[in-house]
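Student: One-letter residues, chain by chain:
Number of protein chains: 2
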Amino acid sequence: MYIPTYDDMLTAHERIKPFIHRTPIRTSDFLNELTGAQLFFKCENFQEPGAFKVRGATNAVFGLDDEQAKMGVATHSSGNHASCLSYAANRRGIPCNVVMPSTAPQAKKDTVRRYGGQITECEPSTTSREETFAKVQAATGGDFVHPYNDPRVIAGQGTCAKEFVEQTDGLDIVMAPIGGGGMISGTCLTLSNLAPEVQIIAAEPEQADDAYRSFKAGYIIADDAPKTIADGLLVPLKDLTWHFVSKHVTDILTASEDEIIDAMKLTWKHLRIVMEASSAVPLATILKNKDRFAGKRVGIIITGGNVDLDLLPWLK
Amino acid sequence: MYIPTYDDMLTAHERIKPFIHRTPIRTSDFLNELTGAQLFFKCENFQEPGAFKVRGATNAVFGLDDEQAKMGVATHSSGNHASCLSYAANRRGIPCNVVMPSTAPQAKKDTVRRYGGQITECEPSTTSREETFAKVQAATGGDFVHPYNDPRVIAGQGTCAKEFVEQTDGLDIVMAPIGGGGMISGTCLTLSNLAPEVQIIAAEPEQADDAYRSFKAGYIIADDAPKTIADGLLVPLKDLTWHFVSKHVTDILTASEDEIIDAMKLTWKHLRIVMEASSAVPLATILKNKDRFAGKRVGIIITGGNVDLDLLPWLK
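If you read the sequences in order, they're chains A and B.
Using my numbering, you'd call the opening residue of the first sequence number 1 and step up by one each time.
Using my numbering, you'd call the opening residue of the second sequence number 1 and step up by one each time.
The hints are simulated quantities; they were obtained by calculation from the structure and are not laboratory data.
Do not rely on the hints blindly, as some may be mistaken.
In silico DSS-like links for lysine-lysine, alpha-carbon gap of 27 angstroms or less [stated by the list, open to error]:
| # | chain 1 | residue 1 | chain 2 | residue 2 |
| --- | --- | --- | --- | --- |
| 1 | B | K265 | B | K216 |
| 2 | B | K109 | A | K109 |
| 3 | B | K265 | B | K247 |
| 4 | B | K17 | A | K296 |
| 5 | B | K109 | A | K316 |
| 6 | A | K316 | B | K265 |
| 7 | A | K247 | A | K290 |
| 8 | B | K296 | A | K17 |
| 9 | B | K227 | B | K135 |
| 10 | A | K265 | A | K288 |
| 11 | A | K265 | B | K265 |
| 12 | A | K296 | A | K109 |
| 13 | A | K265 | B | K316 |
| 14 | A | K316 | B | K316 |
| 15 | A | K265 | B | K109 |
| 16 | A | K296 | A | K247 |
| 17 | B | K265 | A | K109 |
One side of the interface only, derived from the structure: several residues of chain A facing chain B at Cβ under 7 angstroms [as the list claims (entries may be wrong)]:
| # | residue |
| --- | --- |
| 18 | D29 |
| 19 | N45 |
| 20 | V274 |
Glycine included, C-beta positions come from ideal geometry on N, C-alpha and C.
Can you make the complete structure from the sequences, with help from the hints?
Tutor: The structure is reproduced here in C-alpha cells:
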C-alpha cells in the first residue's frame with residue numbers, strides 16, 4: 001500500500017490547476033448567529049462537474065503516461081466520482097467506463113453521459129458493484145481509478161484543504177462529510193503537514209454510520225447497503241482511507257435524516273447555493289453539538305451540487 | 001432632478017465596501033455551449049441580505065448625517081429593497097419603516113423582520129403602495145429612500161458594474177433584468193464612463209413589459225399592477241431611471257413566463273446557485289436570441305436570491 005505524501009499533493013495541485021476551479025468561500029451572518037460559530041463554506045459544488053471529486057479524478061487521469069492513457073480509465077461510483085472521472089477523461093480525450101448503482105440519481109447519470117462516460121449499471125450494494133466492475137474492467141483494460149482508495153485520488157482531494165488554508169485567515173476545525181473517506185483522507189494528508197493544529201472532524205449520516213463505528217471500534221466496519229438521503233456517503237472505508245482516518249481524524253459526528261434535510265434547506269436559503277444532502281451533514285452535526293463549536297472558526301467543505309431539482313427532500 | 005455622477009459612484013463604493021460582499025463571478029461550460037456565448041454571472045444573490053439592492057441602500061443609509069439618521073429611513077418595495085434597506089439601517093442602528101404589498105413572498109417579509117424592519121402592508125398596485133407609503137412616511141419622519149428613483153441608490157447600484165469590469169477581462173455586453181430600472185441605471189452610470197464600448201441590454205418579462213414599451217415609444221409607460229413570476233420586476237420606470245435607460249441602454253429584450261422558469265431551473269442546475277425568477281430573465285432572452293449573443297462575452301447580473309424554497313415554480 002503506497003501512502004501518498006505531502007509532495008504528491010503539491011504535485012497534484014500543479015497538475016490539476018488548469019482544469020479545476022479554485023472555488024470560493026461563502027459565509028453567512030445568519031448561520032454564524034444560529035450556530036454561535038464562525039463558519040466558512042468552501043464551494044466544491046461549483047466545480048464544473050459539480051463536486052470536489054474532479055480534483056482526484058483529474059490528478060489520476062493527467063498523471064497517466066501516454067501508453068496507459070490510450071486504454072482509458074474505469075471505475076465504480078455512487079455518482080460524483082463517475083461524473084468527475086468522465087469529465088477528466090473527456091478533457092484528456094480518453095475513454096472512461098463506469099459502473100453505477102441502478103438507484104443512482106438521474107441527474108448524476110445524465111452528467112456522466114454528458115461527459116462521454118460509458119455507464120454499466122449494478123445493484124445498489126457494495127458486493128454487486130465490485131463484481132460488476134471486475135467484468136467491465138477486464139473487458140476494457142482501462143486503468144482502475146478507485147473513487148477514494150487510491151493514492152492519486154487522495155493526493156488530488158488534498159488540494160482542496162490547501163486552498164482552504166490559503167483562502168482563510170486561520171481555522172480551528174475543518175469538517176467534511178465521510179463516506180469512503182477520500183476527501184477526509186486528502187484533508188488529513190494536507191493539514192497534518194500544513195496546519196497540524198487544525199482539528200479534522202468528519203460528519204456522517206446516522207443511517208450510514210459505518211465510519212463512525214469503525215472509528216470507535218479501531219478497525220474497519222463495512223455495511224453492505226446502507227440507506228440515507230445522503231447518497232454520496234453509502235460506501236465503506238478501505239485500507240488507505242482508514243490509514244488517514246485512524247491516524248489524523250479528531251472525531252466523527254453523526255446526524256439523522258431529518259437533521260440533514262433541515263441543514264440542507266438552511267444552507268440553500270442562507271448561502272443561496274445548490275448542494276447535495278451529503279454536503280449538509282457537517283452543518284447538521286454542528287447544529288446538534290453547538291457547545292463544541294461555539295466561538296470556533298470552522299471550515300466546511302461543500303462536497304457536491306448535483307441534485308435532482310424535481311425531487312427536493314423537504315418537499316416530499 | 002439631481003443626476004448622480006461617476007464620482008458619486010466612486011464615493012459610494014468606498015462608503016459601502018465594509019458592509020457588502022465583492023461578489024464572485026460564476027461560469028459554466030455547459031451554459032456557454034448551450035448559448036454559444038461566453039457567460040459571466042455576477043452573484044449579487046450572495047450579498048448577505050440576498051440582493052444587489054444592499055449596495056444602493058447602504059450608500060443611502062451611511063450617507064445620512066447624524067441628525068437625519070436619528071429619524072431613520074422609510075421606503076416602499078416589492079421585497080428586496082425592503083430587506084436591504086432594513087439590513088443597512090440595522091448595521092447603522094437606525095429605524096427602518098417599509099411598505100410592502102400583501103402579496104410579497106413570505107421569504108422576503110421574513111428577511112425584513114429579521115433585520116428589524118417595520119412592515120406596513122398595502123395592496124399589490126403602484127397606486128396603493130404610494131398612498132400607503134405617504135401615510136407611513138408622514139407618521140415616522142424617516143428619510144425616504146426610494147427603491148430606485150434616488151441618486152444615492154443609483155450611485156450605489158453602479159458599484160456592481162465597476163466590480164464586474166475589474167473582475168473580468170473585457171465584456172462585450174452587460175445584462176440585467178429591468179423593473180424600475182435601478183440596477184440598469186447604475187450600470188449605465190458606471191459603464192458609460194468606465195467602459196463606454198460595452199453594450200447594456202436589459203431583460204424584462206413579457207407580462208410586465210412596460211420598460212420595453214417605454215423604450216420603444218420614447219416616453220415612460222407605467223402599468224399599475226402587472227403579474228409575473230419575476231416578482232422583483234413589477235414596478236415602472238421613473239424620471240431618474242428613464243434618464244439613464246433612454247440615454248445609455250442598447251436594447252430591451254423580453255421573455256415569457258415559461259422561458260423565465262426554464263432559464264431559472266437551468267441556472268440552479270448548472271451554476272448551482274439559488275436565485276430568483278427575476279434574475280433568470282437575461283438568460284431566458286439570450287436563449288431565444290442566440291444569434292445576437294453568439295461568440296460574445298456577456299456579463300449577467302444575478303440580482304437576487306430570496307426564494308421561497310417550498311414554492312419552486314417548476315414544481316407547480
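Student: Run the distance test for K316 (chain A) versus K316 (chain B): straight-line Cα separation, threshold 27 angstroms.
Tutor: Distance ~14 angstroms between K316 (chain A) and K316 (chain B) Cα, so the pair holds.
Student: Check whether the Cα positions of K265 (chain B) and K109 (chain A) lie no farther apart than 27 angstroms.
Tutor: Given pair K265 (chain B), K109 (chain A) holds - Cα atoms ~18 angstroms apart, limit 27 angstroms.
Student: Given a cut of 7 angstroms on the nearest C-beta pair, is the interface hint for N45 (chain A) held or broken against chain B?
Tutor: 5 angstroms, holds
Student: Please work out if K109 (chain B) and K109 (chain A) have their alpha carbons no farther apart than 27 angstroms.
Tutor: 39 angstroms, violated
Student: Does K296 (chain B) pair with K17 (chain A) here, judged by a C-alpha cut-off of 27 angstroms?
Tutor: 26 angstroms, holds
Student: Run the distance test for K247 (chain A) versus K290 (chain A): straight-line Cα separation, threshold 27 angstroms.
Tutor: With Cα atoms ~25 angstroms apart, K247 (chain A) and K290 (chain A) stay inside 27 angstroms; holds.
Student: Given the proposed pairing of K227 (chain B) with K135 (chain B), does the C-alpha separation stay at or below 27 angstroms?
Tutor: Holds - the C-alpha atoms of K135 (chain B) and K227 (chain B) are around 26 angstroms apart, at most 27 angstroms.
Student: Are the Cα positions of K265 (chain A) and K265 (chain B) separated by 27 angstroms at most?
Tutor: Roughly 17 angstroms separates the two Cα atoms, so the pair holds.
Student: Mind checking the alpha carbons of K265 (chain B) and K216 (chain B) for me, to see if they're no more than 27 angstroms apart?
Tutor: 30 angstroms, violated
Student: Interface hint check: D29 (chain A), Cβ to nearest Cβ on chain B, cutoff 7 angstroms. Holds or violated?
Tutor: 6 angstroms, holds
Student: Decide if the proposed pair is consistent with the structure: K265 (chain B) and K247 (chain B), CA atoms, cutoff 27 angstroms inclusive.
Tutor: 33 angstroms, violated
Student: Is it true that the CA of K296 (chain A) sits at most 27 angstroms from the CA of K247 (chain A)?
Tutor: At roughly 23 angstroms apart (the allowed maximum being 27 angstroms), K247 (chain A) and K296 (chain A) satisfy the hint.
Figure legend: structure checked against the earlier numbered hints; hints not met, in rising order: 1, 2, 3 and 12.
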